[in-house]
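Colleague: What follows is the residue order along each chain.
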Amino acid sequence: MSESSGLPAALAGLRLLDLTDASGAYGVRLLADLGAEVLRIEPPGASTDGTLGTGEKGTPVTTAGLAARYDNLAKRSLTLNLDEPDGQKLLRRLAETADALIETSPPGHLADRGLGYPDLAAVNPRLVYTSLTPFGQAGPYAEFRQTPLTALALGGLLSTMGLPEGPPVQAGVPLAYLLAGQHAAAFTQIALIGRRLTGRGQHVDVSVQACVAAAVEGPLQIYLMTGQAYPRIGAQRRLEPPNGTYACADGYFCIFVLDWPAFARWVCEVLGDDELLDPKYEGATNALRAPHAEAIIPRVQEFALRLTRAELLEGAHRTGQIGGSVLTPDEVLADPHLADRNFFRTIDWPDQGPVQIPGAPYRLAATPWRTPAPPVAPGADNEAIFQDELGLSPADLDRLRRSGVI
Amino acid sequence: MSAPLPLAGLRVLDLGHYVADPYATRILADYGAEVIKVETARRPDMTRKLPPYAGGVNDPNRGGWFMNANYNKLGLTLNLGHPGAGDLLLRLVGLSDVVSENFSAGVLERLGLGYETLRTVRPDIILIQMPGYGRTGPYSPLRAVGPTISAFAGIDATIGWPDGPPLPTGRVPVPDYLNALGGVIAVLAAVEHRARTGEGQHIELSQHENTVATQGPSILQVQLTGTWPERNGNRDPVAAPQGVFRCRGEDAWCAVSVQSDDEWQAFCRVADRPDLTADPRFATAAARRAHQDEAEAVVAAWTAGHSPDEAMGRLQAAGIPAGAVRNSRDLTADEQLASRGYFDRFERPDVGAVTVTASAARFSETPAAVHRPAPRLGQDNDYILRDLLGLTGPEVERLIDEAVIA
Numbered sequence: 001m002s003e004s005s006g007l008p009a010a011l012a013g014l015r016l017l018d019l020t021d022a023s024g025a026y027g028v029r030l031l032a033d034l035g036a037e038v039l040r041i042e043p044p045g046a047s048t049d050g051t052l053g054t055g056e057k058g059t060p061v062t063t064a065g066l067a068a069r070y071d072n073l074a075k076r077s078l079t080l081n082l083d084e085p086d087g088q089k090l091l092r093r094l095a096e097t098a099d100a101l102i103e104t105s106p107p108g109h110l111a112d113r114g115l116g117y118p119d120l121a122a123v124n125p126r127l128v129y130t131s132l133t134p135f136g137q138a139g140p141y142a143e144f145r146q147t148p149l150t151a152l153a154l155g156g157l158l159s160t161m162g163l164p165e166g167p168p169v170q171a172g173v174p175l176a177y178l179l180a181g182q183h184a185a186a187f188t189q190i191a192l193i194g195r196r197l198t199g200r201g202q203h204v205d206v207s208v209q210a211c212v213a214a215a216v217e218g219p220l221q222i223y224l225m226t227g228q229a230y231p232r233i234g235a236q237r238r239l240e241p242p243n244g245t246y247a248c249a250d251g252y253f254c255i256f257v258l259d260w261p262a263f264a265r266w267v268c269e270v271l272g273d274d275e276l277l278d279p280k281y282e283g284a285t286n287a288l289r290a291p292h293a294e295a296i297i298p299r300v301q302e303f304a305l306r307l308t309r310a311e312l313l314e315g316a317h318r319t320g321q322i323g324g325s326v327l328t329p330d331e332v333l334a335d336p337h338l339a340d341r342n343f344f345r346t347i348d349w350p351d352q353g354p355v356q357i358p359g360a361p362y363r364l365a366a367t368p369w370r371t372p373a374p375p376v377a378p379g380a381d382n383e384a385i386f387q388d389e390l391g392l393s394p395a396d397l398d399r400l401r402r403s404g405v406i
Numbered sequence: 001m002s003a004p005l006p007l008a009g010l011r012v013l014d015l016g017h018y019v020a021d022p023y024a025t026r027i028l029a030d031y032g033a034e035v036i037k038v039e040t041a042r043r044p045d046m047t048r049k050l051p052p053y054a055g056g057v058n059d060p061n062r063g064g065w066f067m068n069a070n071y072n073k074l075g076l077t078l079n080l081g082h083p084g085a086g087d088l089l090l091r092l093v094g095l096s097d098v099v100s101e102n103f104s105a106g107v108l109e110r111l112g113l114g115y116e117t118l119r120t121v122r123p124d125i126i127l128i129q130m131p132g133y134g135r136t137g138p139y140s141p142l143r144a145v146g147p148t149i150s151a152f153a154g155i156d157a158t159i160g161w162p163d164g165p166p167l168p169t170g171r172v173p174v175p176d177y178l179n180a181l182g183g184v185i186a187v188l189a190a191v192e193h194r195a196r197t198g199e200g201q202h203i204e205l206s207q208h209e210n211t212v213a214t215q216g217p218s219i220l221q222v223q224l225t226g227t228w229p230e231r232n233g234n235r236d237p238v239a240a241p242q243g244v245f246r247c248r249g250e251d252a253w254c255a256v257s258v259q260s261d262d263e264w265q266a267f268c269r270v271a272d273r274p275d276l277t278a279d280p281r282f283a284t285a286a287a288r289r290a291h292q293d294e295a296e297a298v299v300a301a302w303t304a305g306h307s308p309d310e311a312m313g314r315l316q317a318a319g320i321p322a323g324a325v326r327n328s329r330d331l332t333a334d335e336q337l338a339s340r341g342y343f344d345r346f347e348r349p350d351v352g353a354v355t356v357t358a359s360a361a362r363f364s365e366t367p368a369a370v371h372r373p374a375p376r377l378g379q380d381n382d383y384i385l386r387d388l389l390g391l392t393g394p395e396v397e398r399l400i401d402e403a404v405i406a
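Residue numbers (our numbering), protein chains in the order written: chain A, 1 to 406; chain B, 1 to 406.
Calculated from the structure, these hints are not laboratory results.
Only a predicted model underlies this, so the values are computations on that prediction, with no experimental measurement involved.
Each residue gets a CB set at the ideal place from its N, CA and C atoms; glycine is no exception.
Careful: at least some of the hints might be erroneous.
Covered stretches of chain A (chain B as the covering partner; in silico rule of three or more C-beta atoms under 8 Å from a C-beta of chain B) [what the hints assert, rightly or not]:
#1 88-102
#2 138-147
#3 391-403
Simulated restraints on C-beta separations [to be verified]:
#4 A/GLU282 / B/ALA3: 53 to 63 Å
#5 A/ALA339 / B/THR225: 16 to 26 Å
#6 A/GLY45 / B/ALA290: 25 to 35 Å
Chain A is nowhere near these chain B residues, computed Cβ spacing over 12 Å in every case [stated by the list, open to error]:
#7 ARG26
#8 SER150
#9 ALA195
#10 THR197
#11 ALA360
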């Protein structure tokens, strides 16, 4: 939206109405980044204040608050009160020419306001209407509320996270919402492409719970085929030693061993003994070493503590293993590989100055990703859309503002 | 007459393995694409080799995870390492719309099957490559798996307890699913562009970068505030009390997230603690954060007397977000997922009925279905070689004898 390479945008010309909350906003952003014109529609006055994404005064700046900014880059911004008839009318007018509407309201909420799928399909049969809700449009939990933590729990992913003897533990980032939003975006695209064959849109009903459960297919198959519910395994995989995450000299490192003999030689070189070269530890798979987990894991931990992440990464590659450094977000920002690939982009953050944001999640040679414009204030496009495009007068807009419609 | 599936007529040649590519192409297959999975019996896909196995028999045609990720696809065995295989693959490329792979960087090119070569047989081909770290840069030679990507992207650093180590997401390689979805979004953008212009394109999705892109909020947070979502158990920086609380039963937990003062009041009513409704320690979010240990103790005392589903039901009825922590066994019995028909099945003579997870979406006009079992190795060789490519019986025999088809 802010840089032009002269090349087209893949989704240019598509208009999407974005009524999503934190569970879907990132997914819609991905479509905006590919060139779709996204009109983000929020209630007037509900937005966070300030540029750091904080809510009420005194509330700490949070990742979630900043997500509200990050997830809505590359989008235009409208405010509309959909509880008011005038607000509903305006949304209906926008829906007449939109290609898709993506929303995360509780089931029935928009329908109660004359804005459900049948209502909008009546004015625009070509509209793709994607509803992303915690559990789908119907069913015993359809009215339940969600947060990233409860979504992680009910989708089956949380139970696999944490130490074996402790409670399950979440990530500090909303994994359930990332999975859900991306699914919703992909399904919306599928329906838009399908429209070429049928000439019609449809209602796409996406369940956050199902999106999370999709990622749990491995443990699900373990249960379905063996009757065993997969346990929490902590940092090291006792059933496939020595795979796992270990403390090292300057942090933590994650290793998956593919070539045991080469790995054992490396460990023995560093530790200065021959213990792991003992033939009893050999085996075509790590699972075959499981009976020796109590002997292997502490030795590998001792080995790892003597090396830095850079040394472990180099050695893992050299000996034919798969390794990864556990990085903190500031370290990700400073990652030399991402710098070499010019991955990060600089944009101006209101009141803060230039900041770096992740760049293209994928590189499309013919229709490249574009760096988004800086975040816009809520309602920044109210005049351009309601006045210039829909033909309301300045006096109309004033009246709507005063009555809390926009 | 029912509408054609949205991706009907799209043919995808899938050279991928494990999860990041296969889950993407399964979504495409679910919605009508003809996906030909190109494998070799000499190096079966990792998910064919990992447990669990149908019937407990370790056989590459019985891998449970493989079958869940690869139903709805056709299977071809083609030994790409054989010098004679490239021509055959190119003939298939000539008939395909999309080629996808998640090899390590450079593998496809070393096989003589890079983008420019593919274009010679199909000028509008869409090629998506999904190497771990991209095709260039210092990490590009490194092999990757979902857990190492999760470490490098800054996700693992946010999982765990204060003063404890980072805990990976265990048996669920979350980035693989995020990257599969990114792959779908990128490919469908290219399909849209091609529908408009006739032009295909080359897509590079670095799994590392697609995952880092989801961590934008943390990366912004560290620049704007110097803080990032450090390991803090199940707590939230704003909402309190939030946690995962032990319930009645074995390894029984319920996630609870009290988001507002009203919800705290509602909790006090549910827990029959009227004495706490006016307690200044819990009157505001800031107060509850300052007294988190005590607030959590109140919740824990109540949940201990209930099963996870009872706790969830009672709290949700009072408007409080709560989610029973489902493990893989619980998921298969989850009444909400059942009401959506989330668990479906296919039948294949050698393994009988195999239960699988279905699409996370329900489309009103063009619903997905499990319409084809996961393929046995080479299951569809005849259709592909004889019907699609027009090879004769003797020609196919020769290719098998020469181990091109292997």
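Colleague: Taking the earlier hints as the rules, which of them does this structure contradict?
Modeller: Of the numbered hints, 1, 3, 7, 8, 9, 10 and 11 do not hold.
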